[in-house]
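Undergrad: Here is what each chain is made of, one letter per residue.
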Amino acid sequence: MEAELFLIRYLHVLSGIMWIGILWYFNFVQIPSMPKIPDEQKPAIGKVIAPEALFWFRWGAFFTVFFGLALAWRMGYLMDALTLQQPNIGFGMWLGLIMAFNVWFVIWPAQKIALGIVEADAALKPAMARRAMLFSRTNTMLSIPMLASMISAQNPIM
Amino acid sequence: MAKILEDLKLTVIAGFVLTVVMVFATEAIYDSQMSAPEKAVSDMMNNM
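Those protein sequences? They're chains S and X, same order as listed. If you count the first sequence from 1, position 102 lands on 101 in numbering that gives the first Met the number 0, and the numbers rise without skipping. If you count the second sequence from 1, position 28 lands on 27 in numbering that gives the first Met the number 0, and the numbers rise without skipping.
Just so you know, the hints here were simulated from the structure itself, not pulled from any lab data. Some hints here could point you the wrong way.
Here are the simulated DSBU-like cross-link-like pairs (lysine-lysine), alpha carbons at most 30 Å apart as the crow flies [unchecked claim]:
1) X/K8 <-> S/K46
2) S/K124 <-> S/K35
3) X/K38 <-> S/K41
4) X/K2 <-> S/K35
5) S/K111 <-> S/K41
6) S/K46 <-> S/K111
7) X/K8 <-> S/K35
Here chain X is said to cover these stretches of chain S; the calculated rule only asks that three of the stretch's residues, wherever they fall, bring their Cβ under 8 Å from a Cβ of chain X [claimed, not checked]:
8) 85–92
9) 144–154
Just so it is clear, the structure is predicted and the values come from calculations on it, not from any experiment. C-beta atoms are modelled at their ideal positions from N, C-alpha and C, and glycine is treated no differently.
Just need the whole structure built from these sequences, with the hints factored in.
TA: Printed below as a string of structure tokens:
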């Protein structure tokens, strides 16, 4: 039982670092650097690095949520957290769920069009790139209280 | 909202503001869940 809980929490944290690490890479490194990269070198980002990063990003999000929910269920506080009877972890859980929804149902579909991974009208690409950027920024903003909430479940803030 | 999200620094500041709001909301929910005797003990402990 203890070893199982450790393993689930360990995989939850590893997946979470993969997810939030790449989210912060996109927002703190890649997006601000794009205007400084010469046009002839931009395909290296758009065609090689971004698709690879998006693969680990979206599956990191999926497994963070999967192992997080599994941990809460095995620990017996899943419903209390989701109904905010335990708000310290509950807020973090809801923020994480909203962020994962954004990854899979907004950012990834928009990036597939923006990066040319799927066929789409070329005129649509700038709008999809902007949508992906704004929702990625939304997730960056939400990651700050989400992580505070996750930590406060172990070490209360007040 | 888009103006905040277009600026990385403002996005981070907004994240910390949300964190403060969440901390107070968490405290308010815990307070609302306490019974009267628990609340009296909690207030006494906070005032020590």
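Undergrad: For which of the previously enumerated hints does the structure constitute a violation, in increasing order of number?
TA: 3
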